[in-house]
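Enquirer: If you want the building blocks of each chain, they are given just below.
2 protein chains.
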Amino acid sequence: MHNKSANTRRDFLRHLGASASALSLPLLSYADNLTYQREYNRVHSLVTNPYGTELGQPGRKLGIALVGLGYYSSGRLAPALQETQYCRLAGIVTGTPAKADEWMKKYNIPKENVYDYKTFDRIADNKDIDVVYVVLPNSMHEEFVIRAAQAGKHVICEKPMAIFPKACQNMIDACKKANKQLAVGYRLHYEPFTKEVIRLGQEKVFGPVKFIESSDGFRVGDPKQWRMKKAMAGGGPLMDVGIYAVQGSRYVTGEEPISVTAQFSPKTEPQKFTEVEETMFWQFQFPSGAVSNSTTSYTAGIERLRASCEKGWFELSPAFGYGPLKGMTSKGPIELPHVNHQAVHMDGICKDLLDGKTLPNHVTGEEGLKDVTLLQAIYQAAETGRKITLKG
Amino acid sequence: MHNKSANTRRDFLRHLGASASALSLPLLSYADNLTYQREYNRVHSLVTNPYGTELGQPGRKLGIALVGLGYYSSGRLAPALQETQYCRLAGIVTGTPAKADEWMKKYNIPKENVYDYKTFDRIADNKDIDVVYVVLPNSMHEEFVIRAAQAGKHVICEKPMAIFPKACQNMIDACKKANKQLAVGYRLHYEPFTKEVIRLGQEKVFGPVKFIESSDGFRVGDPKQWRMKKAMAGGGPLMDVGIYAVQGSRYVTGEEPISVTAQFSPKTEPQKFTEVEETMFWQFQFPSGAVSNSTTSYTAGIERLRASCEKGWFELSPAFGYGPLKGMTSKGPIELPHVNHQAVHMDGICKDLLDGKTLPNHVTGEEGLKDVTLLQAIYQAAETGRKITLKG
Numbered sequence: 001m002h003n004k005s006a007n008t009r010r011d012f013l014r015h016l017g018a019s020a021s022a023l024s025l026p027l028l029s030y031a032d033n034l035t036y037q038r039e040y041n042r043v044h045s046l047v048t049n050p051y052g053t054e055l056g057q058p059g060r061k062l063g064i065a066l067v068g069l070g071y072y073s074s075g076r077l078a079p080a081l082q083e084t085q086y087c088r089l090a091g092i093v094t095g096t097p098a099k100a101d102e103w104m105k106k107y108n109i110p111k112e113n114v115y116d117y118k119t120f121d122r123i124a125d126n127k128d129i130d131v132v133y134v135v136l137p138n139s140m141h142e143e144f145v146i147r148a149a150q151a152g153k154h155v156i157c158e159k160p161m162a163i164f165p166k167a168c169q170n171m172i173d174a175c176k177k178a179n180k181q182l183a184v185g186y187r188l189h190y191e192p193f194t195k196e197v198i199r200l201g202q203e204k205v206f207g208p209v210k211f212i213e214s215s216d217g218f219r220v221g222d223p224k225q226w227r228m229k230k231a232m233a234g235g236g237p238l239m240d241v242g243i244y245a246v247q248g249s250r251y252v253t254g255e256e257p258i259s260v261t262a263q264f265s266p267k268t269e270p271q272k273f274t275e276v277e278e279t280m281f282w283q284f285q286f287p288s289g290a291v292s293n294s295t296t297s298y299t300a301g302i303e304r305l306r307a308s309c310e311k312g313w314f315e316l317s318p319a320f321g322y323g324p325l326k327g328m329t330s331k332g333p334i335e336l337p338h339v340n341h342q343a344v345h346m347d348g349i350c351k352d353l354l355d356g357k358t359l360p361n362h363v364t365g366e367e368g369l370k371d372v373t374l375l376q377a378i379y380q381a382a383e384t385g386r387k388i389t390l391k392g
Numbered sequence: 001m002h003n004k005s006a007n008t009r010r011d012f013l014r015h016l017g018a019s020a021s022a023l024s025l026p027l028l029s030y031a032d033n034l035t036y037q038r039e040y041n042r043v044h045s046l047v048t049n050p051y052g053t054e055l056g057q058p059g060r061k062l063g064i065a066l067v068g069l070g071y072y073s074s075g076r077l078a079p080a081l082q083e084t085q086y087c088r089l090a091g092i093v094t095g096t097p098a099k100a101d102e103w104m105k106k107y108n109i110p111k112e113n114v115y116d117y118k119t120f121d122r123i124a125d126n127k128d129i130d131v132v133y134v135v136l137p138n139s140m141h142e143e144f145v146i147r148a149a150q151a152g153k154h155v156i157c158e159k160p161m162a163i164f165p166k167a168c169q170n171m172i173d174a175c176k177k178a179n180k181q182l183a184v185g186y187r188l189h190y191e192p193f194t195k196e197v198i199r200l201g202q203e204k205v206f207g208p209v210k211f212i213e214s215s216d217g218f219r220v221g222d223p224k225q226w227r228m229k230k231a232m233a234g235g236g237p238l239m240d241v242g243i244y245a246v247q248g249s250r251y252v253t254g255e256e257p258i259s260v261t262a263q264f265s266p267k268t269e270p271q272k273f274t275e276v277e278e279t280m281f282w283q284f285q286f287p288s289g290a291v292s293n294s295t296t297s298y299t300a301g302i303e304r305l306r307a308s309c310e311k312g313w314f315e316l317s318p319a320f321g322y323g324p325l326k327g328m329t330s331k332g333p334i335e336l337p338h339v340n341h342q343a344v345h346m347d348g349i350c351k352d353l354l355d356g357k358t359l360p361n362h363v364t365g366e367e368g369l370k371d372v373t374l375l376q377a378i379y380q381a382a383e384t385g386r387k388i389t390l391k392g
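Protein sequences, first through last, are from chains A and B.
Residue numbers for the first sequence, in full-length UniProt numbering: 1 to 392.
Residue numbers for the second sequence, in full-length UniProt numbering: 1 to 392.
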């Protein structure tokens, strides 16, 4: 089926007069891809893919239900879903009736597409909803991803995928068993500046990467929010934003760390940080000999991904936020357009789902599991003061 | 004597119509300082200071002899000494006769002011030379600083002051015994951008400093140079440029570290780095709870000093090179003039010597000793994999 699909795509491109190899070029713009996809959908309507998603009518968008209506849903995902080409906001899952009313009005969501955490499993019967996006506190990801898969829906799970690797594995297994795809909220893999530094690093454009500095932190506001509760968040800034610094060092090298050392800072505001770390550092070694040194914090801001290479350097700063990101290299600035991160993320995933393609490795549950394994190794290294050896 | 001198300066300023407090304002420009000093010298000629330096005729410049004519002397110090107001290139000490000839011609240095390493001690009889600047490989600093002090000269010693703390202490003791002042080549303490980030950090302009990232590295050229020999350099990039990252974290916080952890990178070019480290990281904790995370390298470039504070951030990048440095804060860019680092450094020291003032703490041998103690603690932490507690 994949081969057939690929052949069909190639045939179609040939038909359009484009070369087959052009499709895989990273330089094919997002707009070009959209044009291509719309034409593709028009010509190839009603193709059933191996994951059971129907492409349906030309231009059909996958219906997404957001589970958990906190800031990331209300301030980012819902607005982004007004811009997406391959998906739309179809439903919501919330424990707060007032929020349900507000969202139904604001986004014209029918009552039958609104669930609470008890009625959630009935989503299985709702053909309007193809994808469930779990945007709950970290400790709840496992339960709701598994319930979504069991309800026969593809799932997107916000990062970190879970608090412990075992939960990630349970989620992966549940999705496999249900023959549904599982994606993690790694929006940056669809973001142009990030894609460019991945290219610069992995293609060794400035020679081998020798060392990376990656840091992500901000000054946390309300100390009562769930991010400050260990049981719900699993930890502090490392779980929340440090994961971006982990990702950064991995995607720039294209390698998996083989060892980690880490250090907690003392708490300068102990009354605020009663359960989770305030600031921490960690260092990875990679198989090539490349090393990384990272910072995460809830007490002061920082956001940067920098690679020092044999023949130059490249840097994003800001590197991990919602943008616009900014890129610089030893040869000059990286000039790329700002895109809506959440829109390209959900569109990228849903386009693949519509195409019947297996999601790319870098956004899957397996990728989420790798990061969560590393986050726990970082905590272990900081707690023991020892260098932890990893599988790599 | 100090009080008397201070009173005289105040009287003089009052005479000029300026307020006494203006003198200590960091905003008094370098040019203003020069004007002031020239007037001061004109009025107060022939004042003998407690260190035995004669101010002599108005506008008299202290004579500096450079010991060791490598790049820093030929490419930086000698050119800078053509711009200085309080000192001049008076002599040279070199083991290479061809270099001696070249320098005598180029800088009009009389033959009697040229020494080799054997005849060096005769510099004691040379009234043309007030200050000896030791620019030799690290392992030779101790011997030549002590010989210079014993010859009755003030001394400037390039950084790192020595390889081990004991050598630093010997140098300090020798200068004290000879009643001569000892400065270290910490040019940045006279550099406007550095002075500004010291102010921003120590005056808590953006609130308390929470964490610092400081990094200094470059890709080393000729692997046969003395910097790559452990016996001469004492180590690799940490000794050479990592010391700036150490300094940066200390001068931004105004505190002394109380603990250190550190990590060596694997060697990616083992044939090149046979004796010294290639890249390394270290982390300090400071008494306030502030922490720092640093990188140094001889295999790839980086140069940055960043402080993340409760209410914002500030950063220099480049931060440690010969400039122009570049500064940014969470409130906008730091706009300051570029100066010749070596000129302001030597002028700053020689102005104090001419004024009979004790050199400021941040450029003294005691400061050099602090850094060398920290460099050795960093190596110890990296070698043992353990957190090393420091006196603070």
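Where hints are given, some of them may not hold.
Identical chains share a label here; the pair holds if one copy fits it or two copies do between them.
[As the list claims (entries may be wrong)] No farther apart than 25 Å at their CA atoms in a straight line, the calculated lysine-lysine pairs in the DSS-like style are these: (1) K224 <-> K311; (2) K224 <-> K99; (3) K311 <-> K229; (4) K111 <-> K61; (5) K267 <-> K387; (6) K311 <-> K326; (7) K331 <-> K166; (8) K105 <-> K61; (9) K204 <-> K267; (10) K267 <-> K357; (11) K127 <-> K176.
By construction, these hints were calculated from the structure, which means they are not laboratory data.
Enquirer: Sort out which numbered hints this structure fails and list those numbers smallest first.
Expert: Per hint list: 7, 10 violated.
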